[in-house]
Amino acid sequence: MTEADIAIRFDGITKSFGDRTILDEISFEVLRGEAFCLLGRSGSGKSLTLKHMIGLIAPDSGEIYLEGAPITKLRGSELSQVRKRMGFLFQYSALFDSITVGENVAFPLRWHTELSSPEIRNRATELLDQVGLADDYDKMPTDLSGGMRKRVGLARALALEPPILLVDEPSSGLDPITAVEIDNLLLRLKQHKGTTMVVVTHNIPSAQRIGDQLALLENGKIVERGSPDRLRQSQNDTVQRFMSATGGT
Amino acid sequence: MVSEIRLGVAKAFFFIGDNAAFGFRSLHASVKRPFHFDETLRQIYELGYKSVPLIAAAGIAVGAVMSMHTRATLERFGAESLIPTGLGLAMIKETGPLVAALLIAGRVGAGIGAELGAMRVTEQIDALESLAIDSFKFLVATRVMACMIMMPLLTTIMNFTGILGGFIAEYAISGMGFQQYFEQAFLLIEFDDYLTATFKTVIFGFIISGVACYQGYYTTGGTAGVGQSATRSVVVSSILLIISNVVLVKAIFFFLPEAA
Chain C
4 MTEADIAIRF DGITKSFGDR TILDEISFEV LRGEAFCLLG RSGSGKSLTL
54 KHMIGLIAPD SGEIYLEGAP ITKLRGSELS QVRKRMGFLF QYSALFDSIT
104 VGENVAFPLR WHTELSSPEI RNRATELLDQ VGLADDYDKM PTDLSGGMRK
154 RVGLARALAL EPPILLVDEP SSGLDPITAV EIDNLLLRLK QHKGTTMVVV
204 THNIPSAQRI GDQLALLENG KIVERGSPDR LRQSQNDTVQ RFMSATGGT
Chain G
21 MVSEIRLGVA KAFFFIGDNA AFGFRSLHAS VKRPFHFDET LRQIYELGYK
71 SVPLIAAAGI AVGAVMSMHT RATLERFGAE SLIPTGLGLA MIKETGPLVA
121 ALLIAGRVGA GIGAELGAMR VTEQIDALES LAIDSFKFLV ATRVMACMIM
171 MPLLTTIMNF TGILGGFIAE YAISGMGFQQ YFEQAFLLIE FDDYLTATFK
221 TVIFGFIISG VACYQGYYTT GGTAGVGQSA TRSVVVSSIL LIISNVVLVK
271 AIFFFLPEAA
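Protein sequence lines, in the order shown, are assigned to chains C and G. FYI, the numbering used here numbers position 73 of the first sequence as 76, with every residue one higher than the one before it. FYI, the numbering used here numbers position 61 of the second sequence as 81, with every residue one higher than the one before it.
Bound conformation, chain C alone (with noise of 0.2 Å):
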C-alpha cells in the first residue's frame, strides 16, 4: 500500500468537549475505492468522526488527509474544493425543507456547475432516477418517509459525482426491507463508480453487508480494524460483545 492508495489519513485525532474526550489520538486510514464501516455504540463519537472528515468540526490536535493533503487549517475556498469531493448523507437526511425534492438535488448542481437550467432539471431527475424517486421531483421533503428522504439525501450527495461519499447511519430509523435497499444503492455505486466509502454505523448487519474493512471505536479509541471476517473472530471482549449484537438499527 501506497500513499497515492490512501484516500483518508487520520493521525492522532483528539476532539474534546469539556473535560470529555470523545476522540483520543485515533488514526486510521481508508484506502481508494473500498467501504470502510466506522462502528460503535451510540455518542462513541462516530458522527463526530465524519464531520471531522468534511471539516465541519476542527480537532483539538492531529491532522486529516485527503487524498495526502492535510486539510485541517484549510479555510473558505480551499475548503471547499476539499468539500466538493466529498459526498456526506446525514443521518437525518437534512433535506432543505423550504425547497422541493428536485430542488434538493439540483442545489449543489445550481451552485457549482455551469450547466444550463434545464440541463440542471434532467441531471437532478437522473439522480433521483438511480434511487427510485424520479417521480417525486415537485414533492416537498416533508411529504417523503424516512427512507425516501434518506435516498433523497443520498442523490443530493452524489450530485457533484465525489469521489469520496460520507454516510452517517444509513440505515438508522429505517425499517428492515428500507435499510436493505438504501445499502443497496451504496453497494451499486461501490461497485460501478468506485467511489470510497465511509459509513457509520452501529448495524452490523448493514456494515458486514457494505464493509470491506470495519472499524469499531469505543472510548475514544479504535479498539479493533479489519476485515467483517476478522472483527468476527476478534478475541477482543469489546468487539465479540459488539459483534454478537446483531439486532436493531
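Keep in mind that the hints were calculated from the coordinates and are not lab data. There's no promise every hint is true.
Here are the simulated EDC-like pairs of lysine to aspartate or glutamate, each with C-alpha atoms no more than 16 Å apart in a straight line [as the list claims (entries may be wrong)]:
| # | chain 1 | residue 1 | chain 2 | residue 2 |
| --- | --- | --- | --- | --- |
| 1 | C | K76 | C | D14 |
| 2 | C | K224 | C | E37 |
| 3 | C | K142 | C | D100 |
| 4 | C | K196 | C | D146 |
| 5 | C | K87 | G | E203 |
| 6 | C | K87 | G | D146 |
With the hints as your guide, set chain G onto chain C.
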C-alpha cells in the same frame, strides 16, 4: 451581590459585542464575491414584501388612534387644525420608524430566529457547508442585507398609511377634505426630516436581522432551543431598538441639528 451584578453586566456587554461582531461580519460577507442576488431578492420578498399588509394595517390603526387622541386634547384649545400637522410630524419623525421596526422585530425577527434555528438543529446548515456553500454568507448576509434594504421602504409605507389613518379618522369626525388634510400634514415637514428619520431604520434593520440571525445560527438544544431562539430574537432586538433609537435621535440632534 455586587460581583453578580458586575458579572451580569459583563455578560450583557459580551453578548452585545458578540452580536455586533456577528452583524458586521455579515456586512463584510455581503460585499464579497460571490454575490447572492437571487437569495437576497428572495429574502426581500419574504421579509419585506410579505410584511407590507401588517405594516399598512398597523399604520392605519396607529394613525387613526393618534388622530383621535390628539383631537381630544387640541379641541380644548380650539387648535383642531393642527391635528394633521402634529400627526405628520409624529409619524415621520418618530412613531413611524419605531413602530415599524418593532413590528418587523416581531414578525421577521421571530421568523429568522426560528427558521435558522430549525435549520441548525436539523443539520441543514451543516448540509449547506458539506455542499461547499458558505452558510453564513448564504443565510445570514442575505437576510441582513434584505432587512436593511426593506426597513426604510416599510417605514415609508408605515408613515404614509399612518397619515392616511389619521385622515380617515379626521374625515369621519370633522369631514376635512383630503387635499387640505395632506397639505396640513406635510406643512412643517422638510425632506431632511424624512431622510434622517428613515435612514436610521437602516440601522434598525441591521439590528433586527443581526440579532435574529445570531440567535438562530447558533441555536442549540433541539426544538426547545428553536423556540428560545425565536423568543430571544424578538426580545433582544426590541430592547436594542428602543435603546438605539434614543442614541440615534441624540446623534441626529448633535450632528444634524437642522433636521432635529
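Structure-based check of each hint:
no., hint, result
1, K76/C to D14/C, "holds, 14 Å"
2, K224/C to E37/C, "violated, 21 Å"
3, K142/C to D100/C, "holds, 11 Å"
4, K196/C to D146/C, "violated, 30 Å"
5, K87/C to E203/G, "violated, 62 Å"
6, K87/C to D146/G, "holds, 14 Å"
Consistency with the previously given hints fails for numbers 2, 4 and 5, ordered from lowest to highest.
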